[in-house]
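Participant: As a plain string of letters, each chain reads:
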Amino acid sequence: MTNTIHIANAKGRDASIGILAVKPKAQALPGILNGTLSFRRYFAASENCTDGELQKKFGNDYSNALIEGDPEIDMEVIGRAISDTQTVFLSSDKKLMFAEPNFIDVVYNPDGSEKERRPPIEVASNVNSDIPIKWTGRKIAISEAVRRFMFRRTVQLCHSDGLSFDFLFEMATELEKDKSLVLLGTGEKGSSPLIFQSNGRGYRGFLEGRTDGKRYQLLLHLSDMELKVPSPKSAETTND
Amino acid sequence: MAKSVIVSLNNQTSSFSISKIDRSKLYPTRKRIAIDENGLPCTRASIALDGSQVIKSGMTAQGYFSDEGRWVPKDEVVGINPDGSLAELYPSTLGIEQKLEGPVNPSDILSFEVSSVYHLGNEGVDDQLQTELTNGNIFRFPFNYGADFNLETAYLLSNSEGTFCLVGNPKLANWIEEAAVFVPDSLVVSDDDDLDFEMV
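In order, the protein sequences belong to chains S and D. When the count follows the numbering used here, it moves up by one through the first sequence with no breaks and lands on 240 for the last residue. When the count follows the numbering used here, it moves up by one through the second sequence with no breaks and lands on 200 for the last residue.
Okay, chain S solo, but in the shape it has when bound (with noise of 0.2 angstroms):
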């Protein structure tokens, strides 16, 4: 994840500028009193011991077994905390894989039918390449944009030096007079998402800009979906 992107304005004058994360105050969190509470993983059974293992070796005597005694529970093991693990990869035959395995995209449609299955597709951060990020110049009006998009995350633009303030607290000053928001993209023509890292999700940045005094703040939104109503078949498939 990168902590830097480059970034053109109005002008196409372009600098690399930092970026921090814009956070929701902190919140109330689960505890006890007089004391700490932490969250932990623990072993609630071991291999031997899980539903399908026991339906497995009991057959049709599984409940019965279960009456009479505690198949279900490993001493050894039960209780135990789990910490550090690390991914690994079982076959299809439920083994232990020793080599990486190969990889696909499957593509699902909203409605969770399948669309395509395709080699995986590598794609790389954009945020911070040669090509800067381009001002397109498109605005649109806050009162608009808030109905219209949901914003998912925002990033704060944040100057390294005394020319990159300039460069940033100019772009503040003008976006702020017009109460809109200017729409951000990446690529030669400006068209396309921004992606933070790599294989990430992409993003359409909308840049707002406060000033306050000589003080500013450059705020990228970053949405990945519109306000829309899903269509009746893909709304059936997870609602709740």
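Keep in mind the hints are simulated off the structure, nothing from the lab. Since the model is a prediction, treat every value here as computed from it, not as a measurement. Some clues are possibly wrong.
[As the list claims (entries may be wrong)] Distance condition first, Cα-Cα at most 35 angstroms in a straight line; then the derived DSBU-like pairs of lysine-lysine:
(1) D:Lys56 - S:Lys228
(2) D:Lys99 - S:Lys189
(3) S:Lys25 - S:Lys228
(4) D:Lys171 - S:Lys228
(5) S:Lys139 - D:Lys56
(6) D:Lys99 - S:Lys115
(7) S:Lys23 - S:Lys139
(8) S:Lys115 - S:Lys189
(9) D:Lys99 - S:Lys177
(10) S:Lys115 - S:Lys95
(11) S:Lys95 - S:Lys139
(12) D:Lys56 - S:Lys57
[Said to hold, decoys possible] Partial selection, computed: residues in chain S whose CB lies under 7 angstroms from chain D:
(13) Asn3
(14) Leu37
(15) Phe58
(16) Leu90
We put the beta carbon where it would ideally sit given N, CA and C, even for glycine.
Given chain S, work out where chain D should sit, using these hints.
Facilitator: Quick look at chain D alone, frame taken from chain S:
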């Protein structure tokens, strides 16, 4: 089915059905799958760093533990505010009338971390509220889907697609002065498995 969102503006009550929406309901999503030498899907598992156990699905549980290692049942868990005081447990707001605040400044939503988005269906909306929403006005009200130690905020708004409720918590950006020194922090932008971004 979830209870309704009930809100009031100028003592006139409106009721909405609620249905959660996310990216996967609007755009195609991608899932990267591991396959073995026969082209069949593999299962993801973990291995303890000492190699003693391969941890498969169904072998683990999770819970709260005290300093002494005692498992703590849920009814003993309380909420602790960032200042160390005891937090109040807020019940679900669904099915309970909530007073609307506003119209609010649209910029408020830009200082807000959205955790959930709901599409709201009309179950009986007051004419005045409907007019306000159609005119682009936005309202705020307290919201909790379930009981929680934090009371979230919801923004009620409408566009040409329908009426929506954005739920989350406020966030604050810092003012930056010329003398400020940039210190990088660790940004949390999830490496999710979605791709095409069919918008704008």
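Participant: The structure should be examined with respect to each hint, and the outcome stated for every one.
Facilitator: Hints versus structure:
Taking the CA atoms of lysine 56 of chain D and lysine 228 of chain S, the gap is about 39 angstroms. The hint is violated against a cut of 35 angstroms. Straight-line distance between C-alpha atoms of lysine 99 of chain D and lysine 189 of chain S comes to about 47 angstroms, which puts the hinted pair past the 35 angstroms bound. Simply put, lysine 25 of chain S and lysine 228 of chain S have alpha-carbon atoms about 28 angstroms apart, close enough for the 35 angstroms limit, and the pair holds. Distance restraint check for lysine 171 of chain D and lysine 228 of chain S: the Cα-Cα separation of roughly 24 angstroms lies within the 35 angstroms cut-off, and the hinted pair is therefore satisfied.
At roughly 51 angstroms between alpha-carbon atoms, lysine 139 of chain S and lysine 56 of chain D are farther apart than 35 angstroms, so this suggested pair is violated. Only pairs whose Cα atoms come within 35 angstroms are accepted, and lysine 99 of chain D paired with lysine 115 of chain S is rejected, the gap being roughly 44 angstroms. Between lysine 23 of chain S and lysine 139 of chain S the CA atoms are separated by roughly 25 angstroms; this keeps the pair inside 35 angstroms, and the hint holds. Between lysine 115 of chain S and lysine 189 of chain S the CA atoms are separated by roughly 29 angstroms; this keeps the pair inside 35 angstroms, and the hint holds.
With a CA separation close to 33 angstroms, the supplied pair lysine 99 of chain D and lysine 177 of chain S stays within the 35 angstroms bound. At most 35 angstroms may separate the alpha-carbon atoms for a hinted pair to count; lysine 115 of chain S and lysine 95 of chain S meet this at roughly 30 angstroms. For the proposed pair lysine 95 of chain S and lysine 139 of chain S, the alpha carbon gap of about 55 angstroms is over 35 angstroms, so the pair is violated. This hinted pair checks out: lysine 56 of chain D and lysine 57 of chain S have alpha carbons roughly 18 angstroms apart, not beyond 35 angstroms.
Nearest Cβ of chain D to the Cβ of asparagine 3 of chain S: about 4 angstroms, under the 7 angstroms cut. The hint holds. At a threshold of 7 angstroms, the smallest CB-CB gap from leucine 37 of chain S to chain D is about 5 angstroms, leaving the interface hint in force. At a threshold of 7 angstroms, the smallest CB-CB gap from phenylalanine 58 of chain S to chain D is about 16 angstroms, leaving the interface hint violated. Checking leucine 90 of chain S against chain D by beta carbon gives a least distance of about 4 angstroms; that is within 7 angstroms, so the hint holds.
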